[in-house]
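Same order as they appear, the protein sequences are chains A and B. Read left to right, the first sequence gives residues 1 to 206 (our numbering). Read left to right, the second sequence gives residues 1 to 206 (our numbering).
Bear in mind the hints are in silico, worked out from the structure with no lab data behind them. Some hints could be false.
Copies of the same chain look alike in the list, so a pair counts if it works inside one copy or between any two.
[To be verified] The list that follows gives simulated cross-link-like pairs (lysine to any residue, SDA-like), each with its CA atoms no further than 20 Å apart: (1) 203 x 145; (2) 147 x 125; (3) 203 x 24; (4) 203 x 19; (5) 147 x 64; (6) 147 x 114; (7) 203 x 186; (8) 203 x 25; (9) 155 x 64; (10) 147 x 166; (11) 147 x 67; (12) 155 x 165; (13) 203 x 160; (14) 155 x 18.
Okay, here's what each chain looks like letter by letter:
There are 2 protein chains.
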Amino acid sequence: MTGGKSPNAVWHRASVTRRRREEQNGHRGLILWFTGLSGSGKSTLAHAVEEELHRRGCRTFVFDGDNVRHGLCGDLGFSDEDRAENIRRIGQMAKLFVEAGVVALTAFISPFRADRRRVRGMADHAEDFIEVFCDCPLEVCEQRDVKGHYRRARKGEIRDFTGISSPYETPENAELTVRTGEHDIEHCVQQVLQLLESRGAVKSPR
Amino acid sequence: MTGGKSPNAVWHRASVTRRRREEQNGHRGLILWFTGLSGSGKSTLAHAVEEELHRRGCRTFVFDGDNVRHGLCGDLGFSDEDRAENIRRIGQMAKLFVEAGVVALTAFISPFRADRRRVRGMADHAEDFIEVFCDCPLEVCEQRDVKGHYRRARKGEIRDFTGISSPYETPENAELTVRTGEHDIEHCVQQVLQLLESRGAVKSPR
Chain A
1 MTGGKSPNAV WHRASVTRRR REEQNGHRGL ILWFTGLSGS GKSTLAHAVE EELHRRGCRT
61 FVFDGDNVRH GLCGDLGFSD EDRAENIRRI GQMAKLFVEA GVVALTAFIS PFRADRRRVR
121 GMADHAEDFI EVFCDCPLEV CEQRDVKGHY RRARKGEIRD FTGISSPYET PENAELTVRT
181 GEHDIEHCVQ QVLQLLESRG AVKSPR
Chain B
1 MTGGKSPNAV WHRASVTRRR REEQNGHRGL ILWFTGLSGS GKSTLAHAVE EELHRRGCRT
61 FVFDGDNVRH GLCGDLGFSD EDRAENIRRI GQMAKLFVEA GVVALTAFIS PFRADRRRVR
121 GMADHAEDFI EVFCDCPLEV CEQRDVKGHY RRARKGEIRD FTGISSPYET PENAELTVRT
181 GEHDIEHCVQ QVLQLLESRG AVKSPR
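Okay, chain A solo, but in the shape it has when bound:
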């Protein structure tokens, strides 16, 4: 047919489905939604889990402030409304990655239950969404204070800072809780991987 001219030919619509992509990849597409205080290790853990999944041949992508705040959500500020819209867009984007057969890992404080419930509700299937609570005492997060945000929040230089001047609503039905203040990163990574294996989402390493 190449080179032919047939303006009236039916342009048949092909469709690469999620299922076909998952077969190609050898694992399921899903969202690992890490939530927890600033400094609780969400982003670091997400990247470490990604590293392990990548070594196993999985397709992965981590969303965090670095690649979202200046791009897709560059027009948003930190009002309650903008924070909710921020989480909504991240959820919708992660959903498209799931459709693409990718393990999407998101690392945002996402302190409000209502917002997390909303993104959970966007998923096509319940098993597409795994909430991972990075449970780390405020004292430990504040002691680490890698970015100096807690010090500035205590001084009142940052308003509505989660844990200091704005609440963090502890997850009530997270699929997994990892104690990032007590355990080392390898331990936490293994907890996440074991959950994924037990659900048949990814294969055990050979």
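Since the structure of chain A is provided, determine the placement of chain B on it from the hints.
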């Protein structure tokens, strides 16, 4: 280290880079930006190109009205401002797919040069963005009128309809022009694939 407790251990930051993902996938991440009138075959062509790429083992994803308008851009209408924001978000999202090592195919009329220039400018590298102009005469698009939009636009039931009551700004420097009104779909698919091969973005079929 598994099971150890070391709250003060350094949580080393792992990083799966775009380069590593592209090596894993065996092809480059990039955006194929299809632009053209309603009914010019953008979405059909994008899906057909995706099908061929998928058969060759590439990682792909098509963005079109179906998966974007009700999700990520569900809050946007059709004002000039909202249309521009729509295109901006699609561009930012596609950029993240490129970072994930995926061939992102977008199928939107995107009638304005300024909007297309803006999304092109978002790309980290010039070769990440390939504009494909689906060049099909208005008469042919209107005759096809698969969705009945042209008929309604002529009656004035749809305002600001591209080609009827709103301009389509023909691309001046598209990387590729495919004559979707003259050639059959196989021919157009091959044109796109040959461009990708000639740029070393994907391998030729074995």
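Do the hints match the structure? See the list:
| no. | hint | result |
| --- | --- | --- |
| 1 | 203 x 145 | neither (36 Å within a copy, 47 Å between copies) |
| 2 | 147 x 125 | neither (37 Å within a copy, 30 Å between copies) |
| 3 | 203 x 24 | both (14 Å within a copy, 17 Å between copies) |
| 4 | 203 x 19 | within (16 Å within a copy, 24 Å between copies) |
| 5 | 147 x 64 | within (15 Å within a copy, 39 Å between copies) |
| 6 | 147 x 114 | neither (27 Å within a copy, 38 Å between copies) |
| 7 | 203 x 186 | within (18 Å within a copy, 37 Å between copies) |
| 8 | 203 x 25 | both (11 Å within a copy, 19 Å between copies) |
| 9 | 155 x 64 | neither (26 Å within a copy, 47 Å between copies) |
| 10 | 147 x 166 | within (18 Å within a copy, 49 Å between copies) |
| 11 | 147 x 67 | within (17 Å within a copy, 37 Å between copies) |
| 12 | 155 x 165 | within (11 Å within a copy, 57 Å between copies) |
| 13 | 203 x 160 | neither (42 Å within a copy, 51 Å between copies) |
| 14 | 155 x 18 | neither (49 Å within a copy, 39 Å between copies) |
The structure shown violates the earlier hints numbered 1, 2, 6, 9, 13 and 14.
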